[in-house]
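S.K.: So the chains spell out like this:
Number of protein chains: 2
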Amino acid sequence: MSTDTPIPTLADIETAHARIADYVHRTPVYHSELLDRHTGGELHFKCENLQKVGAFKARGASNAVLGLDDAQAAAGVATHSSGNHGAALAMAAGRRGIPAHIVMPENAPSVKKAAVAAYGATIIECESTLVAREEALASVLAETGAHAVPPYDDPRIVAGQGTVALELLQQVAELDLVVVPVGGGGLLAGVALAVKSINPEIEVMAVEPAGADDAFRSFGLGERVEQTAPNTIADGLRASLGVLNFAMIQRYVDTIVTVDDSTIVEAMKLQWSRLKTVTEPSGAVSYAGALEHPERFRGRRAGVVITGGNLDLDNLPW
Amino acid sequence: MSTDTPIPTLADIETAHARIADYVHRTPVYHSELLDRHTGGELHFKCENLQKVGAFKARGASNAVLGLDDAQAAAGVATHSSGNHGAALAMAAGRRGIPAHIVMPENAPSVKKAAVAAYGATIIECESTLVAREEALASVLAETGAHAVPPYDDPRIVAGQGTVALELLQQVAELDLVVVPVGGGGLLAGVALAVKSINPEIEVMAVEPAGADDAFRSFGLGERVEQTAPNTIADGLRASLGVLNFAMIQRYVDTIVTVDDSTIVEAMKLQWSRLKTVTEPSGAVSYAGALEHPERFRGRRAGVVITGGNLDLDNLPW
Numbered sequence: 010m011s012t013d014t015p016i017p018t019l020a021d022i023e024t025a026h027a028r029i030a031d032y033v034h035r036t037p038v039y040h041s042e043l044l045d046r047h048t049g050g051e052l053h054f055k056c057e058n059l060q061k062v063g064a065f066k067a068r069g070a071s072n073a074v075l076g077l078d079d080a081q082a083a084a085g086v087a088t089h090s091s092g093n094h095g096a097a098l099a100m101a102a103g104r105r106g107i108p109a110h111i112v113m114p115e116n117a118p119s120v121k122k123a124a125v126a127a128y129g130a131t132i133i134e135c136e137s138t139l140v141a142r143e144e145a146l147a148s149v150l151a152e153t154g155a156h157a158v159p160p161y162d163d164p165r166i167v168a169g170q171g172t173v174a175l176e177l178l179q180q181v182a183e184l185d186l187v188v189v190p191v192g193g194g195g196l197l198a199g200v201a202l203a204v205k206s207i208n209p210e211i212e213v214m215a216v217e218p219a220g221a222d223d224a225f226r227s228f229g230l231g232e233r234v235e236q237t238a239p240n241t242i243a244d245g246l247r248a249s250l251g252v253l254n255f256a257m258i259q260r261y262v263d264t265i266v267t268v269d270d271s272t273i274v275e276a277m278k279l280q281w282s283r284l285k286t287v288t289e290p291s292g293a294v295s296y297a298g299a300l301e302h303p304e305r306f307r308g309r310r311a312g313v314v315i316t317g318g319n320l321d322l323d324n325l326p327w
Numbered sequence: 010m011s012t013d014t015p016i017p018t019l020a021d022i023e024t025a026h027a028r029i030a031d032y033v034h035r036t037p038v039y040h041s042e043l044l045d046r047h048t049g050g051e052l053h054f055k056c057e058n059l060q061k062v063g064a065f066k067a068r069g070a071s072n073a074v075l076g077l078d079d080a081q082a083a084a085g086v087a088t089h090s091s092g093n094h095g096a097a098l099a100m101a102a103g104r105r106g107i108p109a110h111i112v113m114p115e116n117a118p119s120v121k122k123a124a125v126a127a128y129g130a131t132i133i134e135c136e137s138t139l140v141a142r143e144e145a146l147a148s149v150l151a152e153t154g155a156h157a158v159p160p161y162d163d164p165r166i167v168a169g170q171g172t173v174a175l176e177l178l179q180q181v182a183e184l185d186l187v188v189v190p191v192g193g194g195g196l197l198a199g200v201a202l203a204v205k206s207i208n209p210e211i212e213v214m215a216v217e218p219a220g221a222d223d224a225f226r227s228f229g230l231g232e233r234v235e236q237t238a239p240n241t242i243a244d245g246l247r248a249s250l251g252v253l254n255f256a257m258i259q260r261y262v263d264t265i266v267t268v269d270d271s272t273i274v275e276a277m278k279l280q281w282s283r284l285k286t287v288t289e290p291s292g293a294v295s296y297a298g299a300l301e302h303p304e305r306f307r308g309r310r311a312g313v314v315i316t317g318g319n320l321d322l323d324n325l326p327w
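Sequence lines, in order, name chains A and B.
Everything in the first sequence is counted per the numbering used here, starting at 10 for the first residue and increasing by one.
Everything in the second sequence is counted per the numbering used here, starting at 10 for the first residue and increasing by one.
Each hint should be verified, as a subset may be incorrect.
Stated by the list, open to error - Coverage of chain A stretches by chain B, computed from C-beta distances (three or more under 8 Å per stretch; other residues unrestricted):
(1) 23 to 36
(2) 274 to 283
As the list claims (entries may be wrong) - Derived DEER-like restraints, expressed as beta-carbon distance ranges:
(3) GLU210(B) to ALA219(A): 58 to 66 Å
(4) ALA80(B) to PRO37(A): 38 to 46 Å
(5) ASN208(A) to ALA219(B): 53 to 61 Å
(6) HIS40(A) to ASP263(B): 54 to 62 Å
Because the hints were derived from the structure by calculation, they are not lab data.
All C-beta atoms, glycine included, are put in the ideal place defined by N, C-alpha and C.
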C-alpha cells in the first residue's frame, strides 16, 4: 500500500454498510451501571465479539469480497492473517461461493485455525514472521491466481471496518468519545473517518498494548515506525500500523493511550463477569484504556468497541 | 408451603410481568446456526444470564418485594439462598429502599456473596445443610420482624419466574418446545404454567443434573421425594423440588430428562465459545439436555432458557 492510495470517504463506508448488510450482524450495544461506577464515565460497549466469526473483521472482509466483479472473484481470494481476518475472509468467500486460501502462522491459536477450516478455506501454514507470511502468500497467489485481500492496510478493509462507527453513532446518542484498539489500524482508520465525518466534536481515542506501541510512537513522532518484537497477550494487535492507515490516523484521531497486559486481563475478567460476554485479549483492550486512564472518561459518554471474542478457553491468561 | 396453597394462574404471571417491568431486563434471545448443526434442532437461547443480578431470580424476587404493602415492607425481607436468589432479593429490596437479610451457606461461591453485599444487604453465614439454613433464617425473622421470601416454593416467586416464558413466546414464533432446568422448581413451575396456558401444544421439557435427580424420580413415581446428598457441579440445582412446584409440574410438564456433569461442562464451553456468552453450570443445563438427548430436538424449534451466568472465573470446572 503506497502513500498515494486515495483515502476512503464517508460515502465509501456508507456503500460498504449497505453492501455487507446480509453478510454481517448489526451487533448490540451493552451497558452496565456497575462498570460505569468503576470509571465514573458512561461506557457503551459495541459488541463486535457477537459479530459473524466473532470479530469486526467480518465487515472489512465481506466488503472486499463483495466488491470484486465476477471475473476477479472466480479465482478466489487469499490473505495472511493471525486469525480473525483469515476466518472473516473464509466466511465471506464461502458465502459468495468462491475459494479462499489463508496463510496462517504455525503458532496461531488452534481455535482460530479451526474456525478458518470450518468455513471451507484452504490453510497454508508458515513461520510467524512477517517475511515468512508474505513469502507464503506470494507463492499462493502465483500458484492459484487468487486475489489478495490484505488484513488491514487497504481502503476496502478500512471502509468495511468503519461501518462499526455508523451503527454505534445510531445506537447511542450524544457520545463524547469513541474508543477502539489499534494494531494494524484498519478499524481505527475507518472508525475515525466515520466519526469525524459525522461529528468532528466527538473525540476518537485509540488504545494500544504497551508491548506493541508502534502506533503510539508513530503518532507522537509524526512518522511511521515499524513494530519490532511485540510483547503482549493481545495477539490481534501485534502487527505494524499500515501506511494508508497511519495517514488517516494522523488526520482523524485525537488521542492514543497505552495499557499494560495486566490491565487487559482485568478488563477481560470484568467484561466476562459483569457483562457476561466473552472477549479475547485484543477485544478487551479498549476497555482496558478506561481502566488505566479513568480521568479521560469521568463524566463523559463513551462508545467502547469490543472487537472480538475468539480465544482458547483451555488457555486463559489468568 | 402446604399442598393447599392456591396454584397461580396465567393472570398472576401477567400481573407480575407488568409489576416488575422497571426492575428487570427484557432479555435478548440468541441463536447460532453452528450450534443448530450440533443437534439438528433450531435452538433459541433466552439469555437470563444477561438479566439483572445475572440470573432469572431477579424476576421472582422483584415480584415478591413489589407485592408487599408498605407496612409489610418496612421491616424488610429475608431469605436463605445458595446465591442467585439472595442477590436478587438484595437487589429488589435495595431498589425499593427496604432492608434485606440473606442467610448464605459458608461454601457459597465468593462471587455470589460479593454480589449480595454490593446491593447493601446483610449476610448471615451458616452451614450448608438445609436444616442449618432454616434455623438461621428463623432466628433472623424472630430478631428483625422481616418478611420471609423463600427461594422457589412460593406462588409469588413462581409467578415472577413465569414471566420468562411470556417474553420467550413473544420473541420466538411457533416454538415446538420450551426447555428449562429444574432444581427447586420455581422457574419450571412458572414457565410450564405460562406455556401450557398460552398454547398447550408446546412441549415443556425439564432438564436435571443426574447427580441431583429428585424431580426426575418424583415425576416418575408420582410422589415427591427429597434430594439427599446431591452431587453435581450445577450448584443452583441441588435443592429438593418444592411442594407447590411439584403439584404444578405434575399438571403442566411433559418431560424430564437428566444430564451428566461432563455434558454440562461441554454445554458451557460451547455457549462461551460460540455464543460468546458466559453461563454458570446451572445456566447451561438446559442446553446440556439438547446435547445429551439430540433426538428430542431434531427438526424442532426449541426455546432454551439460559438461567444464569454467575461463577468464579478463577475456578472454572475444566
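S.K.: Which of the stated hints cannot be reconciled with the structure, identified by number in ascending sequence?
M.R.: Hints 1 and 6 contradicted; others consistent.
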